[in-house]
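Q: Please build the complex by placing chain B on the supplied structure of chain A, with the hints as guidance.
2 protein chains.
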Amino acid sequence: MASDNYNKITSINFKELESIVGKEFISSDPEQLNKYGQDETEDLVFLADVVVKPQTVEQVSAIAKLCNGNKIPLTTRGAGTGLSGGALPIRGGVLMSMEKLNKIIEIDERNLQATVEPAVINYIFQDEVKKSGLFYPPDPASWGSCSLGGNIAHSSGGPKAVKYGTTRDYVLNLQVVLANGDVIWTGANTLKYSTGYNLTHLMIGSEGTLGIVTKIVFKLIPLPKHDLLMLIPFTSAEQACKAVGEVFRQGITPSAMEFMERDAIDWSIKYSGEPGFEIKPEWQALLLVEVDGNNMDVLMGDCEIISTVMQNNGCDEILFAESAEQKNALWKIRRKVGEAVKSNSVYKEEDTVVPRAELPALLKGVKDIGKKYGFKSVCYGHAGDGNLHVNIIKGDLSDEIWNKDLPKGITEIFELCKALGGTISGEHGIGLVQKNYLPIVFTSNHLDLMRGIKRIFDPNGILNPGKIFD
Amino acid sequence: MASDNYNKITSINFKELESIVGKEFISSDPEQLNKYGQDETEDLVFLADVVVKPQTVEQVSAIAKLCNGNKIPLTTRGAGTGLSGGALPIRGGVLMSMEKLNKIIEIDERNLQATVEPAVINYIFQDEVKKSGLFYPPDPASWGSCSLGGNIAHSSGGPKAVKYGTTRDYVLNLQVVLANGDVIWTGANTLKYSTGYNLTHLMIGSEGTLGIVTKIVFKLIPLPKHDLLMLIPFTSAEQACKAVGEVFRQGITPSAMEFMERDAIDWSIKYSGEPGFEIKPEWQALLLVEVDGNNMDVLMGDCEIISTVMQNNGCDEILFAESAEQKNALWKIRRKVGEAVKSNSVYKEEDTVVPRAELPALLKGVKDIGKKYGFKSVCYGHAGDGNLHVNIIKGDLSDEIWNKDLPKGITEIFELCKALGGTISGEHGIGLVQKNYLPIVFTSNHLDLMRGIKRIFDPNGILNPGKIFD
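Chains as they are written, first to last, in this note's numbering: chain A, 34 to 503; chain B, 34 to 503.
Bound-form chain A, shown alone (with noise of 0.2 Å):
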C-alpha cells in the first residue's frame, strides 16, 4: 500500500525493527495490521506494512531513524479514538501504537505538575490526579478510552474546556522524538515562557505530522470541591443556542454547556437506555450546564441567574440532578450522542466551531444547507464554546448522492462558519477526511507555510504522510 514516493517494509526493515521493539511486540499479521488500521473515523481502514509496539523512548527513537534512513512512512498510533481519520497509516509502512508507554510517571503535588507517558488514558489520569486533591479538566467524549497523546494531537477539549480551555492550555512541556529520532524537550516545566519560537504549542495539535510525544508535563489545578448539574429543555433548538450566550454576559462561566438537538437526544437513549425522566415529545433540544467551584452557595446563586436567563429564553421546567446517579444518568445521555448516531447509520461527522454567540445562525445554516441538498443531520456538542458537531446522516440518500452532493453541502457549511469568524474544526482535526476543505479557511501562502514547517520537521515526510496536508 506504500505510494510511489516511500518504501515498502523489506524483510530487512523487519528483522531491524524485531530488534528494536522485541519478538512479541512487532507484527505483521492481517488481523492485527486490520486492527490497526482503523480509528473512530467512519468505516475507514487501511493497512500498514507491520504494527510496533514500542516500551521506551529509546526504541521510538531507533524506529523513527529506521525509517527515515529507508523513506518508510511511520504513522503513530495513540488508543484510535480519533474522529478525522489521524492514526490511520494510509500510504502503509510502520504503524506504531505507543500502547506500552502508559505510565503516570510523576504526580509533583508540590508543583502542581504530572509527567506521563503518551499512551496513559484520559480517565484513568483524571481519576489518579483526583486522589492527591488535583484536577486534570480536558475531558473528550471518548474520556474512557482516548490517550493523553492524541489529546495532544488534536488539543482535544470536552465538556469542561468551556471554562477550564482545552489539553493546549494543561500542556507545560513535551518530549519529542523527532523525524531523525533525535529527542528534544520542547520548553520548561513552568507557567510561562518566552524563551524563543514555542515548540510545544506548534507540537499542540500537529496530528503527529511533525513528531512523536514520548513524555508530556502537565500543569495541574486544584480539584473543585462541588458542583451542580442542570437539565435544560427548549421547544426551539436556536432558543437554547441563543440563551446559552445570555449566560456569560451575565458574568457567568459555567464548567459545562453542552447542547443537543431532539433527535441527538432521541438516539442516545434509544442507545443506551431510558434516563428515568420524561422527554416531552415538544422538546426541541436540551442544554446540560454545570457549574462547579468551592463553594455551595455561590453555585446555588450562580444557577439561579441561569435559570433566570433560560426562563427569559422561554424553557421548559428546568430539572436539577439531585444524586450522583442522576448526574450520571444526564452526561450519559451526553456522552453517547456520538456512538448512537454512528450505531444508526453511514454518516459524516463534522467539526464546526464558531464565536460563541453566532451558534443559532450557524445552526440554523446548517439545516437550511441540509434542505438544499436532501440531507439529515444531528447536532450537538460545546455550545458554551460555539463548537457544534454536526452528524450528517446518509440515512435513505443514494450513493450517487451522498458521494455527489455531500461535499458541496460540507463546502458550504465551512464556508458559513469562515463567514461566522470560525473555522472547520474545533477539537476532532484535520487529518485525513477534512484535509481537502483546509482551502476554505486558509489562503494558499497560509498553507505553504505550514507546508514548510512540516519539511524543517521531517524532511522525508515519514511522519504520518498525508495528513493535514498532502
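Careful: at least some of the hints might be erroneous.
Which copy? The list can't say, so a pair holds if one copy fits it or any two copies do.
Okay, derived cross-link-like pairs now, DMTMM-like style, lysine to aspartate or glutamate, Cα gap no bigger than 25 Å in a straight line [what the hints assert, rightly or not]:
1. Lys-98 - Asp-215
2. Lys-451 - Asp-202
3. Lys-104 - Asp-503
4. Lys-451 - Glu-142
5. Lys-163 - Glu-279
6. Lys-41 - Asp-296
7. Lys-360 - Glu-433
8. Lys-104 - Asp-299
9. Lys-258 - Asp-330
In case anyone wonders, no lab produced these hints; they're calculated from the structure.
A: Positioned in the frame of chain A, the structure of chain B alone reads:
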C-alpha cells in the same frame, strides 16, 4: 550601520517609503533615530537609517515588500518598553513604529471578544473593556505604557498571570503581515481550534522575527466584582518563597502572588515615596497577595486560609489594604521596583522562571552565585508563577570584572534554572541581550528547528534581524 548581509537605505528607497506612509510619518533626523534606537533595556542604543510610522495595514504590507525586495532590515517597534532589546534596530535599515495603529476596533459584548490594533496601550484597553463589565487580565508592570502588540511579541505576563495566564491565553486570532508583504489571519475567532498547525501560537512570543502583527482578536472574560489585597512581611526571604507554594496546595489560586526582597522594597520606596506604613528593619521580604472573585464572603474565607498558611511559615503581622488608595499604594511599591533599581546603578536584568515550588532553591542559588562572583542582586517578581526577576547591580564593581565575570555568573544562574526544570525567560523574551544564553536551554538541533522556521517565514532574514538567534 547595516551589516554586510543587508543593504542600506538609498535615497530612492527613502522616496518610496515616503510615498507609502506620507511625508509627516517618515524621518531620518538624528534625534528621531536616537529616540527610536532605544527601549527599556539597559543603556543600549542602535540607530536605524530611517523611522517610518505606517497608519494602515496596507502601508505595513508595502513597507515589508519594499524591504524584502531590497534586503533592508525591518525592525518593528511597539511602545519601546521591552527589557531584552527586542525592538532595537541593531542592523540599521527601517525602524517601523506601529504607534499610529492604535485603535480599539471593536469590543464585542455578544462574544466576549475585542479586536484591536497593535499599538493600543495595555492599560487603556483594560480600562475600556471594564466599561462593558469585561476583563482583559494580562497586566505587565509597564501596563501604563506598553503596547498590546509588544505584549504579543513576548507573551507578556504580569501579576495576574498566576490566576489568569499570560497574553498567549487571550489571543484568538492575529492579522499578520508576512515578510513578503502578504497579509494572513493566523487562525479563527474561536475558543477552540484544531485546524492545522497553530500559527497564532507560533507568532506569539516570536518577537517580530516571523511577521508583523497588525490586528489582534482577544478573548475577554467577565470582570470579577471584588478583590482583596494583603501585604505579608517575612524575616526570611526563602521562607516567604516557601509559603507561596503552600497556598496553592490549599486549593486557592490568588489573582496575584508577588514577591519583593528587602532591597527591592527599600529602593522602590526611596524612588517613589513613603508607603504610609512602617517597614520594620527585620523584614527581609514582602509578599503581596491578591484574591478576586464575585463573592466577598468567599474571598474573606480565602484570605483566612492564606493568612494561616503564612503564619505557619513565620510571617510577621499581615496588613490588609482597606481602601482603594491603600491598594494603590501597595501596588505602587511593587510596580515601581524595576524602575527604582534601574535608576540607582548600572544593572543587568534577568527574567528567571522555574516550577513554583523551586523558587526558594532558585533564590538561594542566585545569592550563592552572586557571592562567588562578587555581585549583588535585587530579586522580586511573580512568585506564584515561579518567575523571579533578578537585577544584578554593578555598584562599585570595576568594568573589567563586570564585563568578564558577569556572563559567567549569569550562565550559572541560567544553568540552575534549567536544572530546576525552568528556563531563562518567563515573560521578557530573548531579544538581543539573552540570545547568547539560549544554548544553555536548547540543544543545537532544537535551535536548528527554530532557525528553520525563521527561514520559512522570512527567507531573506529582514524581519528584526539578529534577535533570538543570529
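Q: So, for every hint listed, does it hold in this structure?
A: For each hint, the structure was consulted:
1. Lys-98 - Asp-215: within (8 Å within a copy, 37 Å between copies)
2. Lys-451 - Asp-202: The answer is both: 24 Å in one copy and 22 Å across copies each meet 25 Å.
3. Lys-104 - Asp-503: within (16 Å within a copy, 32 Å between copies)
4. Lys-451 - Glu-142: For Lys-451 and Glu-142, only the inter-copy Cα distance (20 Å) is at most 25 Å; the intra-copy one is 42 Å.
5. Lys-163 - Glu-279: Answer is between; shortest inter-copy Cα gap is 18 Å, intra-copy 32 Å.
6. Lys-41 - Asp-296: For Lys-41 and Asp-296, neither the intra-copy (46 Å) nor the inter-copy (67 Å) Cα distance is at most 25 Å.
7. Lys-360 - Glu-433: neither (43 Å within a copy, 70 Å between copies)
8. Lys-104 - Asp-299: neither (49 Å within a copy, 64 Å between copies)
9. Lys-258 - Asp-330: Answer is both; intra-copy 12 Å and inter-copy 17 Å each pass.
Hint compliance for this structure: hints 6, 7 and 8 are broken, all remaining hints hold.
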